[in-house]
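Student: In case you want the letters, here they are:
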Amino acid sequence: MVTVSNWLRSPCPALVVDAVGAVHGMNDAARSLFPEQVVPPQWRHGESVHVAERSYAAHRVDNEDGSVTWWLLDETDLLLERERAALLARMSGALMTSLNPERCMTVVAELAAAHLADEALVIAPQSDHGHPVTRCLRGETPTYELQHVDVEEVVGLSEALRGFPPVPSRWIDPAAAPGWLAQDVVSIVVTPLPGHGVPAGALILIRRDKRFTEDEEAFARLFASRAGVAISAASLFTQQAVITDRLTHDLLPPALRRYEHVELAGRYRASGDTERVGGDFYDVHELPDDELFVVLGDVCGKGLDAAAQTGKVRTALHALLQVVTDHDKMLQALNQALLTTDKSRFITTVVGTVRPVDDGLHVTLTSGGHLPPLIVRANGAVEAARTKGTLVGILPRIMTTTDEVLLAPGDSCLLYTDGITEAHGGPLGDEEFGEDRLRRALTDCGGMPAEALVEHVHMLAAQWVGSGVHDDMAVLAITAPRRRSS
Amino acid sequence: MKAVEALWEAALDGNEYRATDVVLEAAGEHGHEAVLLDVVGAVQQRVGREWAANRISVAQEHAITAINDRAVTALSITRPRREAVHGRVTVACVDGEWHALPARLLAEVLSLRGFAVDYLGAQVPAPHLITYLHRTSPDVVALSSSIATRLPVAHATMTACQATGVPVMVGGAAFGVDGVYARRFGANAWAADARAAADMLLSQTIQPPSAPHQPVDDLPHLADQEYTLVTRSARDLVRSVYRGLEERVPAMRSYSDEQRQHTAEDLAHIVEYLATALYVDDDSLFRDFLSWTGEVLNARGVPAQVLEPALDLLSVQLRDFPRAQRMLAAPDRSLPV
Numbered sequence: 209m210v211t212v213s214n215w216l217r218s219p220c221p222a223l224v225v226d227a228v229g230a231v232h233g234m235n236d237a238a239r240s241l242f243p244e245q246v247v248p249p250q251w252r253h254g255e256s257v258h259v260a261e262r263s264y265a266a267h268r269v270d271n272e273d274g275s276v277t278w279w280l281l282d283e284t285d286l287l288l289e290r291e292r293a294a295l296l297a298r299m300s301g302a303l304m305t306s307l308n309p310e311r312c313m314t315v316v317a318e319l320a321a322a323h324l325a326d327e328a329l330v331i332a333p334q335s336d337h338g339h340p341v342t343r344c345l346r347g348e349t350p351t352y353e354l355q356h357v358d359v360e361e362v363v364g365l366s367e368a369l370r371g372f373p374p375v376p377s378r379w380i381d382p383a384a385a386p387g388w389l390a391q392d393v394v395s396i397v398v399t400p401l402p403g404h405g406v407p408a409g410a411l412i413l414i415r416r417d418k419r420f421t422e423d424e425e426a427f428a429r430l431f432a433s434r435a436g437v438a439i440s441a442a443s444l445f446t447q448q449a450v451i452t453d454r455l456t457h458d459l460l461p462p463a464l465r466r467y468e469h470v471e472l473a474g475r476y477r478a479s480g481d482t483e484r485v486g487g488d489f490y491d492v493h494e495l496p497d498d499e500l501f502v503v504l505g506d507v508c509g510k511g512l513d514a515a516a517q518t519g520k521v522r523t524a525l526h527a528l529l530q531v532v533t534d535h536d537k538m539l540q541a542l543n544q545a546l547l548t549t550d551k552s553r554f555i556t557t558v559v560g561t562v563r564p565v566d567d568g569l570h571v572t573l574t575s576g577g578h579l580p581p582l583i584v585r586a587n588g589a590v591e592a593a594r595t596k597g598t599l600v601g602i603l604p605r606i607m608t609t610t611d612e613v614l615l616a617p618g619d620s621c622l623l624y625t626d627g628i629t630e631a632h633g634g635p636l637g638d639e640e641f642g643e644d645r646l647r648r649a650l651t652d653c654g655g656m657p658a659e660a661l662v663e664h665v666h667m668l669a670a671q672w673v674g675s676g677v678h679d680d681m682a683v684l685a686i687t688a689p690r691r692r693s694s
Numbered sequence: 005m006k007a008v009e010a011l012w013e014a015a016l017d018g019n020e021y022r023a024t025d026v027v028l029e030a031a032g033e034h035g036h037e038a039v040l041l042d043v044v045g046a047v048q049q050r051v052g053r054e055w056a057a058n059r060i061s062v063a064q065e066h067a068i069t070a071i072n073d074r075a076v077t078a079l080s081i082t083r084p085r086r087e088a089v090h091g092r093v094t095v096a097c098v099d100g101e102w103h104a105l106p107a108r109l110l111a112e113v114l115s116l117r118g119f120a121v122d123y124l125g126a127q128v129p130a131p132h133l134i135t136y137l138h139r140t141s142p143d144v145v146a147l148s149s150s151i152a153t154r155l156p157v158a159h160a161t162m163t164a165c166q167a168t169g170v171p172v173m174v175g176g177a178a179f180g181v182d183g184v185y186a187r188r189f190g191a192n193a194w195a196a197d198a199r200a201a202a203d204m205l206l207s208q209t210i211q212p213p214s215a216p217h218q219p220v221d222d223l224p225h226l227a228d229q230e231y232t233l234v235t236r237s238a239r240d241l242v243r244s245v246y247r248g249l250e251e252r253v254p255a256m257r258s259y260s261d262e263q264r265q266h267t268a269e270d271l272a273h274i275v276e277y278l279a280t281a282l283y284v285d286d287d288s289l290f291r292d293f294l295s296w297t298g299e300v301l302n303a304r305g306v307p308a309q310v311l312e313p314a315l316d317l318l319s320v321q322l323r324d325f326p327r328a329q330r331m332l333a334a335p336d337r338s339l340p341v
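Residue numbers (this note's numbering), protein chains in the order written: chain L, 209 to 694; chain C, 5 to 341.
There's no promise every hint is true.
Computed beta-carbon distance windows for the label pairs [to be verified]:
1. L/S300 to C/M256: 26 to 34 Å
2. C/H273 to L/N587: 27 to 35 Å
3. C/D316 to L/I451: 53 to 61 Å
4. L/H457 to C/S244: 33 to 41 Å
5. C/A255 to L/V677: 32 to 40 Å
6. C/D316 to L/D652: 39 to 47 Å
7. L/G509 to C/K6: 30 to 38 Å
8. L/N587 to C/M256: 28 to 36 Å
Listed next, the stretches of chain C that the computed footprint assigns to chain L, with coverage defined by at least 3 CB atoms under 8 Å from CB atoms of chain L [unchecked claim]:
9. 33–39
10. 44–57
11. 111–122
12. 218–229
13. 256–269
Simulated from the structure, these hints should not be mistaken for laboratory data. For each residue, glycine too, the CB sits at the ideal point set by N, CA and C.
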């Protein structure tokens, strides 16, 4: 049996409204909430009611005598936590998107200014040209710049930037803050951004009108821990990507330029979509008297290991070219060089020397175990160069035969790797693209510009493969340009 | 413009010197942007029409495009230099898209208008594009796709780009005349052509993408797995339909190797377009393709008599797939008789 006094002492505010709508009674909690005479409530059941900076859910209980008891359940903390959880989820979503440090810093400053402070600064550890600083005023677009700032002027900032060991947030005396940081503000707090064991920087929150509560500061630390992880992930990614770029730069196929008497075009696609380099390679070097040296080849194997080997082969050939231009001697020397290093990696290659002559291009071609180049005449006739030879880097001696070809204006010489002809697929999914099909396709390509020829061949092979897996593919065309007449 | 006809003639003739002269002369008169879009662009559209009507081969299309591309290079070298005063835009084609020129024209126009442009060209595997976006953090990435069958890849690429927080603008014939698929895929912007794209980028800020999402969030019908299963079994479908056709159409038994390959390729295309139509859930995409195929087969002198039985055989193979049934059974297949 509930006694009357029980509800009066309940921690939940409760009001009784009689049948005519007048407030009949209140318990102690309700009385402290409504110290003045209270107007009869017009609430709906379940409605959220705001009184004295707190939120209550209004619950209606109908009594037998026709009166109504309104129970007010305090949900202030619940709403606040819910809002913070949603905010953190939104923030995490926004923070996790980018692996670009600048964009990450911008997102962090924007979120902090929108939800935590009037102004937010994100300062990253010093780079070559100063500290990257992102600054955002609430409601405005963040600005990013490299600044030469003296971080020692701000207590706790240099420690936060060193990041390790983690230091707690620091309150700054606003009056002592340097001009570049803030002026005429009420409150400044510096929070380190802890990353993956690497310093990601510091977050500085600024308020113009009031101080931060302890609660707000705790939430800011929670935010900072997520922001720090995002920024340091982006920094680590960038570091690694820069290293990868520098190391693989020389392994990428060279950009081919146009020469006065020779059109050159190449296409390259590594077998893996995530890799830009593979076991196929081509290279072009300029020789005296407008001659060009061209090489295309295939290191056995694929992926990064094979790519690293192509780098060695390309460097070796370039060095050899300074002392010997005879194809056979050059391939013999390359063979020796490969035999004395890693015997497991042999190569197939075609080398060519291109010399402009009066009626087009004179091309000398020598194969070291590679598919013979195809000559595509301007009228669509297709023939294979008569050169063959042994693989390079597997036997103590190699045999080569050299062919000499004259390319008239509009004729092309196509060098390609077996990634093209061994492309597996086709409409029925079980055939190789094959040399015959390639030759047939090339009969439509008479007189094509070099760029169109390599693109066409690459496309045919790629479409043959469809969505299936393919080997590295490399194609290089040497074309005698049509004369400027008509 | 008379330059359009002159450039077309020069490109068809494979004469890059004349092509270059034509565009440079026209640029002096009409300005670079007008020549890029109204001369080079117009010729390229004509290339597409001539190819669709089977009046030029794919090899010729490549040759003409290469000459056009050289013309663009000549324009690019002579264009008035200006410092980039607007934002940074990355321009790329969807992987597997061989038509790079529309994207290149956009890149050129944006440079002329004062944007900092990174042109990545065609054949960019999505992982490279994403790495590039993380590294450079452009304001917008512009993706181009011309062929409808690249739409699923285009959607995946778009979603991946958006997941890096970079807004995506799309364009190209693949997205439909009014950009209907761009909207369906949740692109942040769509532009009908390069001029509209440049105008839009100048006049408004493209909204950043909302929270990362999956392709299926944009296209809930994908949950029925019809697209996935048809794509996965595409080659088996082509093989079994091909065998069925050999029984039904006696003439096929005396086909040459080349004719066999052509027929198999036609079947592979039908399956590919059906899969794409299932992906975007649009019957008209498949029906438009069928009527176009019928016309091309006629133009090629191949009777369209294999089409009808091929669709029947496909329909039998896909009897458990309601959406595929709907598309294959469409009453007005609008096939030429």
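Student: If a hint holds in the structure, say so; if it doesn't, say that too.
Tutor: Against the structure, the hints come out as follows:
{"no.": "1", "hint": "L/S300 to C/M256: 26 to 34 Å", "result": "violated (59 Å)"}
{"no.": "2", "hint": "C/H273 to L/N587: 27 to 35 Å", "result": "holds (31 Å)"}
{"no.": "3", "hint": "C/D316 to L/I451: 53 to 61 Å", "result": "holds (58 Å)"}
{"no.": "4", "hint": "L/H457 to C/S244: 33 to 41 Å", "result": "violated (48 Å)"}
{"no.": "5", "hint": "C/A255 to L/V677: 32 to 40 Å", "result": "holds (36 Å)"}
{"no.": "6", "hint": "C/D316 to L/D652: 39 to 47 Å", "result": "violated (34 Å)"}
{"no.": "7", "hint": "L/G509 to C/K6: 30 to 38 Å", "result": "violated (56 Å)"}
{"no.": "8", "hint": "L/N587 to C/M256: 28 to 36 Å", "result": "holds (33 Å)"}
{"no.": "9", "hint": "33–39", "result": "violated (count 0)"}
{"no.": "10", "hint": "44–57", "result": "violated (count 0)"}
{"no.": "11", "hint": "111–122", "result": "violated (count 0)"}
{"no.": "12", "hint": "218–229", "result": "violated (count 0)"}
{"no.": "13", "hint": "256–269", "result": "holds (count 4)"}
Hint compliance for this structure: hints 1, 4, 6, 7, 9, 10, 11, 12 are broken, all remaining hints hold.
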